[in-house]
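Undergrad: These are the residues of each chain, in order.
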Amino acid sequence: MAQVGNRVKPKRRFNARNFWLTTMVAPGAIWLLLIRYLPMLGVVISFKDYKAQKPNTFWNNLIKSDWVGLKNFEFLKSPSTATMIRNTLAYNAAWIVLVLVLAVTLAVMMSELKNRFLAKAYQTMMFFPYFLSWVVASYFVLAFLDPTSGMIPSLQKSLGMKPTQFYMTPTWWPLILTISNLWKNVGYSSVLYLAAITGIDTTLYEAAAVDGATKRQQVWHVTLPGIRPMIIILLIMSVGKIFNADFGLFYNVPQNSGPLYPVTQVIDTYVYNTYANTHNMGMSSAAGLLQSVVGCACIVATNLIVRRIDSESSLF
Amino acid sequence: MEKAERRNAGLNTFGPGAQALFHGCLGLFALLCIVPFLFVIIISFTSEDSIRQIGYSFAPLGWSTQAYNYVFQLGGALWRSYFNSFLITVVGTALSVAICVLYSYPLYRKDYKYRGFFNFLSFFTMIFGGGLVPTFVVCKTLLGLSDNYAALIVPLLFSPFNVIVMRTFFQTTVPRELIEASTIDGAGEYRTLLQVVLPVVKPGIATIALLNALAFWNEWFLSLLYITKNMDVIPLQYLLMRMQRNADFLAKNAGMLGADAAKAARNLPSQSLKMALVVFIVVPIACAYPFFQRYVVAGLTVGSVKG
Amino acid sequence: MKKVFALILALAMILTASGFALAEDLPTITIMFHGSNVTDDTAVLEAVNAYIADKVGAKLEVVWGTWGDFDEKATNALLSGDTGIDMVFTCSWSADEYNTYAKNGYFVKLDDLIAEYGADLVAAIPESLMQAATIEGAEGMGIYAVNGFKDTATQNCWDVNVTLLNELGYTLDDFKAMSFYDFGELFAKAKEVKGDSFYPFLVEPMVLERMVTGSIIVAGDSGSTNLLSLYLNQDDVSAEGPEGNVLLNKFATEEYRKFAEKMHEYYEAGYVDPSLAVAETSNDTRTNTQKTGEYLIGTQSYAFGYEFSADVLDRGIEVAFVPCTEPYVDTTASQGAMMAISTASEHPEESFKFLALLNSDPTLMTLMNYGVEGVHYNLEDGLVAFTEERANYSPWTNGMGNVTILPDTVDEGAGFRESFKEYYAGAKGIPALGFVFNNEPVANEMAALGTVAAQYALALDAGALDPADTLPVFLEALDAAGMQAYLDEANAQLDAYMSAK
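Residue numbers (the working numbering), protein chains in the order written: chain A, 1 to 316; chain B, 1 to 307; chain C, 1 to 501.
These are calculated hints, taken from the structure and not from any lab test. Please note: incorrect hints may appear among the correct ones.
Unchecked claim - Partial list, computed: chain B residues near chain C (C-beta under 8 Å): (1) H23; (2) G27; (3) L28; (4) L31; (5) S50; (6) L224; (7) R242; (8) D248; (9) A254; (10) G255; (11) R266; (12) P269.
Claimed, not checked - Covered stretches of chain B (in silico footprint by chain C; criterion: 3 or more residues with CB under 8 Å from a CB of chain C, positions within the stretch not fixed): (13) 65 to 74; (14) 126 to 137.
A virtual CB, placed ideally from N, CA and C, is assigned to each residue, including glycine.
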């Protein structure tokens with residue numbers, strides 16, 4: 001009876017269920033259509049010489065401006081292109097791995113602490129960098145590195161050494177940027193992972209314990225598989241953003257110092273600097289489109305790989 | 001909380017050696033995370049003379065509460081923007097959590113016909129955007145988001161990232177049997193969601209709420225875009241960013257503005273004042289954080305059956 | 001059905017018509033200013049609206065842009081065709097670039113409006129400023145913005161700490177006899193007296209370079225961070241410079257190499273604060289140190305009367321400004337602060353009437369700039385003495401328009417605006433005055449060159465990099481980014497301009 005009911009019910013209530021579920025999706029969907037999809041018409045600016053037309057309204061300008069083909073993408077011919085793409089990709093790739101490993105490790109550690117009070121204290125403190133903007137963080141870095149009054153150059157001076165001119169010397173910056181990025185993002189990610197860990201069903205641990213698994217084995221066979229969906233989702237999404245750099249980190253923290261550009265120039269800062277100088281809407285629109293297309297390709301590729309390995313966790 | 005204790009008390013745990021190692025690693029990292037904030041507090045209490053002479057330092061030459069006196073002198077404008085920050089954060093977070101949960105729940109339901117479509121609809125916007133100016137036009141001229149609170153809330157109401165996180169929470173914590181059981185009992189979709197599913201995903205909701213609250217609390221760019229005349233609605237974060245941006249602009253264009261730039265720079269707030277404002281911004285959200293955190297853990301006590 | 005529709009239409013028409021007839025509401029025009037510090041404008045706007053109701057036939061609203069926000073807000077309003085902004089500040093040195101926006105159709109061509117309503121305006125503003133605003137825009141040659149009469153000439157000065165100079169055993173005349181290349185002995189002595197952590201040379205590196213080599217920036221070139229340079233005739237600014245009327249890559253000149261080498265020597269000797277060489281800390285360091293008077297020689301782009309401003313008087317030292325050249329007028333300075341009318345505006349006529357009145361009517365200009373008498377200022381013997389309320393209403397004076405019709409303030413003293421007017425009216429124009437580089441044909445080169453220049457220029461100008469190593473690399477990078485094509489295009493345009501002149 002129940003079986004029959006089960007088989008029949010979905011068919012009978014098919015429309016009603018989908019209707020109610022659709023009403024749930026509706027507010028978000030309307031928002032997306034209005035605020036995200038409608039402006040996407042503006043993507044054509046990437047291929048146009050956008051200028052004010054008569055009458056001067058945005059949509060009219062958009063329609064009547066001349067098509068210029070790929071002219072707005074010609075900024076890629078700049079000799080800085082190779083450097084900025086290399087920097088963007090290399091930093092992102094390295095940091096995706098580093099943040100993942102560190103955040104998961106810290107999250108597992110926190111979940112295993114016996115002292116709940118301290119665990120909570122650590123968790124709270126780790127979230128702090130997320131409250132501070134890069135502008136504020138850059139003051140902190142400056143306090144260490146400032147050529148005249150920074151702590152490190154002052155220390156060098158008192159030891160009779162020649163102070164390092166950090167803001168003129170590219171050598172140190174891959175390290176400084178990496179530390180800054182980890183400092184800011186690891187705590188935040190580990191909180192997401194911790195939330196996922198605490199969501200794992202306790203009975204799984206009990207079952208493992210009954211089977212005689214050590215704590216280390218439990219972490220390996222229960223905790224990590226339990227948060228795998230979260231790991232994979234966050235991974236896919238950061239891969240999708242591999243062509244986008246955290247602007248404040250690369251702009252504010254090195255104080256936009258020119259001689260550091262070989263290791264600090266990324267696509268976002270390059271576009272910002274040029275846009276601030278020229279206000280060329282076509283170019284910045286083209287750069288954004290390019291980042292999207294590459295990000296999209298990366299996501300699709302990663303998702304394909306994930307689906308091969310674990311179809312349940314894949315994004316789509 | 002209880003669950004964590006239960007797990008640790010009832011089952012075997014890592015030994016004291018490993019515990020010590022964990023405390024060492026976590027403690028050190030946590031300390032590194034908090035130090036810059038202490039540093040900001042120190043700068044906010046540093047005298048201007050000291051900043052001029054030795055720059056920012058953990059051990060300044062002189063102390064002063066001048067920055068805070070100045071902050072309090074901002075008076076009405078400060079408290080007003082403080083109030084706005086709270087209002088925007090509370091209303092914005094409540095609305096966006098509701099929208100996010102409502103949107104991601106059907107995406108988790110395998111029996112939802114349009115699951116794939118709406119999944120893609122949301123996800124696609126993570127990588128493709130229309131750009132600043134087109135979005136500005138739609139929001140301002142079409143939706144009337146200009147010089148009002150709505151302008152500071154609506155553009156941030158939905159986050160595809162949060163939808164994915166929330167959907168993952170549904171997947172990992174809500175057993176599908178639970179929903180089947182509820183539907184068999186004849187409960188409507190909304191009742192199933194509210195009474196059966198939500199209690200189970202409380203940690204997820206708390207996490208999403210935290211992410212949203214942070215986004216609203218830290219937001220300033222929307223004010224820059226949409227608030228031109230009615231400065232009564234701007235949040236505290238924008239008050240601070242405006243000072244920062246004024247300084248940056250004058251720095252960049254000093255060569256062109258000449259004596260005008262020098263005169264304008266005279267009226268800029270001191271570094272210690274900026275730091276005092278940072279303290280004002282960070283403290284409330286930092287205080288609210290443990291609340292979210294407790295909720296994350298407390299939500300787990302509702303033990304729903306899996307398997 | 002048709003009937004109903006017609007009825008509704010008729011009804012709507014009657015309603016609108018009667019609405020127009022009944023309401024004495026004037027149209028609202030909105031103006032967007034730059035660099036203001038205004039928190040309460042109610043009293044001022046009330047007075048302004050009472051004053052302009054008949055004269056302009058509109059009601060004024062103001063968007064008080066601040067330094068940091070204006071560019072973003074103004075470009076968004078312009079690019080999005082926002083009908084809510086009628087008048088907007090523009091100039092030749094910032095992102096809201098007059099020449100580009102006029103060329104791309106965002107600004108209303110004013111010639112007809114000037115002919116109809118602009119008699120007072122034309123009388124109030126010098127002919128040369130009208131010419132400076134005349135450019136090739138979307139609608140052909142014409143005036144696309146009302147040019148403000150402010151400090152329209154450039155004069156870069158050494159900013160000398162006379163107190164310290166005397167302490168070191170020199171007089172101001174001794175200093176005037178010295179050139180940049182002789183400063184070493186002064187700096188060495190200053191270091192001896194004031195200790196090792198004292199930095200005697202407080203420069204704005206880009207300005208210093210212009211002062212030493214006599215280079216002039218070119219309007220329309222800011223996107224490359226001003227790589228193109230004309231050279232000034234230091235004896236007579238209205239005559240051709242040593243290189244003739246030709247644009248050069250300033251970093252490739254022998255003069256520049258000499259300058260950069262000397263500067264590096266000063267830097268290595270500890271005469272220059274290293275923070276001055278880093279983009280984001282340079283200006284903060286300079287203005288903060290300037291305030292304390294802890295320097296010997298600085299650089300300052302000067303405006304008439306600057307030595308009497310509180311900014312200078314409060315330093316606690318005796319300051320002298322020693323000019324490098326006589327004041328000169330170039331395109332950049334003569335398009336320094338203008339007001340344009342957006343082509344999206346629904347009330348261009350009223351807007352123009354307002355701008356014309358603002359620039360020619362002392363009552364309105366004083367009201368807008370200094371506020372309401374008895375609230376924001378009081379008159380003492382005919383001079384403006386500001387009250388505390390002024391802190392809530394401080395627009396950027398020079399950004400508003402014709403400042404020569406303002407009354408003198410107590411700080412400036414009687415007769416200040418007269419002398420101000422004379423000083424700038426007497427300034428001579430450089431031979432290429434009026435030339436604006438149209439960067440459109442080489443926009444990509446410009447963007448690429450800008451990045452290369454940002455990497456090296458500031459650090460070289462401040463002396464932080466050794467030109468022996470860096471300069472060749474820099475020049476090579478510029479070549480790779482298309483320097484030659486950029487130069488050729490600019491020179492072809494300049495030649496065409498000069499022969500047409």
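Undergrad: Please flag the earlier hints that this structure goes against, numbers listed from lowest up.
TA: Violated hints (numbers, rising): 1, 2, 3, 4, 5, 12 and 13; every other hint is consistent with the structure.
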